[in-house]
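*Asks:* This is what each chain is made of:
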Amino acid sequence: MAEPLLAVTNLSRRFGGVLAVDGVSIAADEGRITGLIGPNGAGKTTLFGLISGFVAPNEGEIRYAGEPITRLATHERARRGIARTFQIVQPFAGLTVRENIVVGAHLRHRARADAVAAADVVGREVGLGGMLDRPADTLTVAGRKRLELARALATEPKLLLLDEVLAGLNPTEIREIVPVIRKLCARGITIMMIEHVMQAVMSLSEHIFVLAEGRIIAEGTPAQVAADRAVIEAYLGQGAAKKLGGQA
Amino acid sequence: MKGFAPIAIVVAVLAAVPLIVHSNTTLNFLVVTLLIALAGQGWNILGGYGGQYSFGHAAFFGTGAYVTAILQVRYGVNAWPGFAAGIAAGALVGAVIGALTFRAGLRGSYFALVTLAFAEVLRIIASVAPITGAGVGTLIKLDLHASAFQFESRAVFYWVILALLAVSLVIARVIELTRFGAWLIAVRENEDAARALGVDAFKVKLGAMTISAAITAAAGCFYAQYFLFIDSGIAYGTRMSIEALLTPIIGGAGTVFGPLVGALVVKALGEAATTVAGDAPGLNLIVYGCVLVLVIAFAPRGLIGLVTGIQRRFARTRREVAHG
Numbered sequence: 001m002a003e004p005l006l007a008v009t010n011l012s013r014r015f016g017g018v019l020a021v022d023g024v025s026i027a028a029d030e031g032r033i034t035g036l037i038g039p040n041g042a043g044k045t046t047l048f049g050l051i052s053g054f055v056a057p058n059e060g061e062i063r064y065a066g067e068p069i070t071r072l073a074t075h076e077r078a079r080r081g082i083a084r085t086f087q088i089v090q091p092f093a094g095l096t097v098r099e100n101i102v103v104g105a106h107l108r109h110r111a112r113a114d115a116v117a118a119a120d121v122v123g124r125e126v127g128l129g130g131m132l133d134r135p136a137d138t139l140t141v142a143g144r145k146r147l148e149l150a151r152a153l154a155t156e157p158k159l160l161l162l163d164e165v166l167a168g169l170n171p172t173e174i175r176e177i178v179p180v181i182r183k184l185c186a187r188g189i190t191i192m193m194i195e196h197v198m199q200a201v202m203s204l205s206e207h208i209f210v211l212a213e214g215r216i217i218a219e220g221t222p223a224q225v226a227a228d229r230a231v232i233e234a235y236l237g238q239g240a241a242k243k244l245g246g247q248a
Numbered sequence: 001m002k003g004f005a006p007i008a009i010v011v012a013v014l015a016a017v018p019l020i021v022h023s024n025t026t027l028n029f030l031v032v033t034l035l036i037a038l039a040g041q042g043w044n045i046l047g048g049y050g051g052q053y054s055f056g057h058a059a060f061f062g063t064g065a066y067v068t069a070i071l072q073v074r075y076g077v078n079a080w081p082g083f084a085a086g087i088a089a090g091a092l093v094g095a096v097i098g099a100l101t102f103r104a105g106l107r108g109s110y111f112a113l114v115t116l117a118f119a120e121v122l123r124i125i126a127s128v129a130p131i132t133g134a135g136v137g138t139l140i141k142l143d144l145h146a147s148a149f150q151f152e153s154r155a156v157f158y159w160v161i162l163a164l165l166a167v168s169l170v171i172a173r174v175i176e177l178t179r180f181g182a183w184l185i186a187v188r189e190n191e192d193a194a195r196a197l198g199v200d201a202f203k204v205k206l207g208a209m210t211i212s213a214a215i216t217a218a219a220g221c222f223y224a225q226y227f228l229f230i231d232s233g234i235a236y237g238t239r240m241s242i243e244a245l246l247t248p249i250i251g252g253a254g255t256v257f258g259p260l261v262g263a264l265v266v267k268a269l270g271e272a273a274t275t276v277a278g279d280a281p282g283l284n285l286i287v288y289g290c291v292l293v294l295v296i297a298f299a300p301r302g303l304i305g306l307v308t309g310i311q312r313r314f315a316r317t318r319r320e321v322a323h324g
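Line by line, the protein sequences are chains F and H. Heads up: the first sequence begins at 1 in the working numbering, then just goes up one per residue. Heads up: the second sequence begins at 1 in the working numbering, then just goes up one per residue.
Calculated from the structure, these hints are not laboratory results. Keep in mind that this is a model prediction, so the values were computed, not measured. Mixed in with the good hints, there may be bad ones.
[Said to hold, decoys possible] Cβ-Cβ distance ranges computed for the label pairs, FRET-style:
#1 H:A297 - F:E76: 38 to 44 Å
#2 F:T221 - H:R318: 53 to 59 Å
#3 H:I296 - F:Q224: 57 to 63 Å
#4 H:L106 - F:E76: 18 to 24 Å
#5 F:G17 - H:P6: 42 to 48 Å
#6 F:G220 - H:L177: 48 to 54 Å
#7 F:P39 - H:L177: 46 to 52 Å
[Said to hold, decoys possible] From the structure, some residues in chain F lie toward chain H, with a derived Cβ separation under 8 Å:
#8 S52
#9 A78
#10 H106
Even for Gly, the Cβ is constructed at its ideal location relative to N, Cα and C.
All chains should be built: construct the whole structure from the sequences, respecting the hints.
*Replies:* Now the structure itself:
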């Protein structure tokens, strides 16, 4: 089998006395959606921070497209095709929706006219077509999540790291955005997503990693992971798997 | 060219002023106003567009002024290349201070304090170093010829400073229309988000600081040629740092015309206060303080922001009325 687009090996990051990420090894295969789930505080966002270069690891290696990128600066990783969204949305609040996306589009388009044209296409693709001239800070939560996605997409990434883009959305909004993500994958973008909305992550992902207290405790297809004892205990507490088993 | 018409109109109108106004006092007032607007435009590139609030732009103003003056007085260099060297030296000082502070990751008030410290260090050095004339200052010999960058008529000086200001207005507009500007504004709005989108924040800020320093240094070079005297307090004093940041903040930081509008308002109010209350020492500073408090309280995006905000509100009301 070909080398995965992203391969993280034995990665660790310590914050003071806390091992936020502890010897984690995960991979994202090209053209697939990989899920990353786990209880609050498991270290998922730190792991994304490590992959995108916002946080430096204490140990371990990150390989992307066959090359080590462990020490590369964040902007250099973006140039090579790694884009991320933020769990806590980070819009350029003083700018319009279009100008927000243009910043991302400029990575591949030097001329302003080209960047604006590319931004408009991406904006329509994620369903922000009618709001391009609105100030970013007037968007609803759902709108801001779409804007996060649009900005990242405008950089024309090969690997897209989605940090809870569905959190805070109502069921209708989730139903609207899931097909957008699926379409991106169909277009050849490799996606790794952190998600708490289980129904969505289970239906979207082909492969799932489960992180708890900084360690990978399980991986596999959505069905395998859902049936895993360690996963059930991590979410519901020690002994939960047994109780559930007893009831069944 | 798109978006340059307002600059052309404003510059044309300002250029016509000496044809109507012949009073030396008024022209002198306008020259100083445009000089402050130019220094403020320098600050505006870094602070207004880039969100990096420098409290030490006197470091660049003073370097421009001293290099222009010292090259002429001590090394016999002609004023014109001296002027260019002053701008280049200011840009270099900006690049060095920028590289040190941004590499160290200083943001917000830490950046402001460190820039202030750099300007103060330069002021103290200039007040004791023999080459700057130390406490006595440096006097450029009077030589009223265009070849020496000195003009008998105030009007010519006025047109020179207007031309420099025009260049700075065009630079600001070009920045607004290019990728560099989009990235600079992105860094101002949210540096982390910008980095995630592939923006090399260090390089962008360093570039902005270098351009910013060059523009403010040009104001310093002009000051030296116009007044023919500088000392450490004039060149590197906090007063220049404050005027350079006050004018764009009052006029509208991160807008092309903000520094010009701010300089006109601040200088006119200062002049008016002096006329009404006589030449009380520190009066202009009190006026600056009051204007700054009012602007920050009622128009945080400056006077230009206030006007565009009102326009937008009216436009919206009209739309709503039209839609019933």
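*Asks:* For every hint, state whether the structure bears it out.
*Replies:* For each hint, the structure was consulted:
1. H:A297 - F:E76: 38 to 44 Å: 43 Å, holds
2. F:T221 - H:R318: 53 to 59 Å: Holds: the Cβ-Cβ distance is about 58 Å, inside 53 to 59 Å.
3. H:I296 - F:Q224: 57 to 63 Å: Check passed, 59 Å falls within 57 to 63 Å.
4. H:L106 - F:E76: 18 to 24 Å: 22 Å, holds
5. F:G17 - H:P6: 42 to 48 Å: Since the Cβ atoms of G17 of chain F and P6 of chain H sit about 59 Å apart, the hinted range of 42 to 48 Å is violated.
6. F:G220 - H:L177: 48 to 54 Å: 51 Å, holds
7. F:P39 - H:L177: 46 to 52 Å: Check passed, 48 Å falls within 46 to 52 Å.
8. S52: 6 Å, holds
9. A78: 3 Å, holds
10. H106: Status holds, d = 5 Å.
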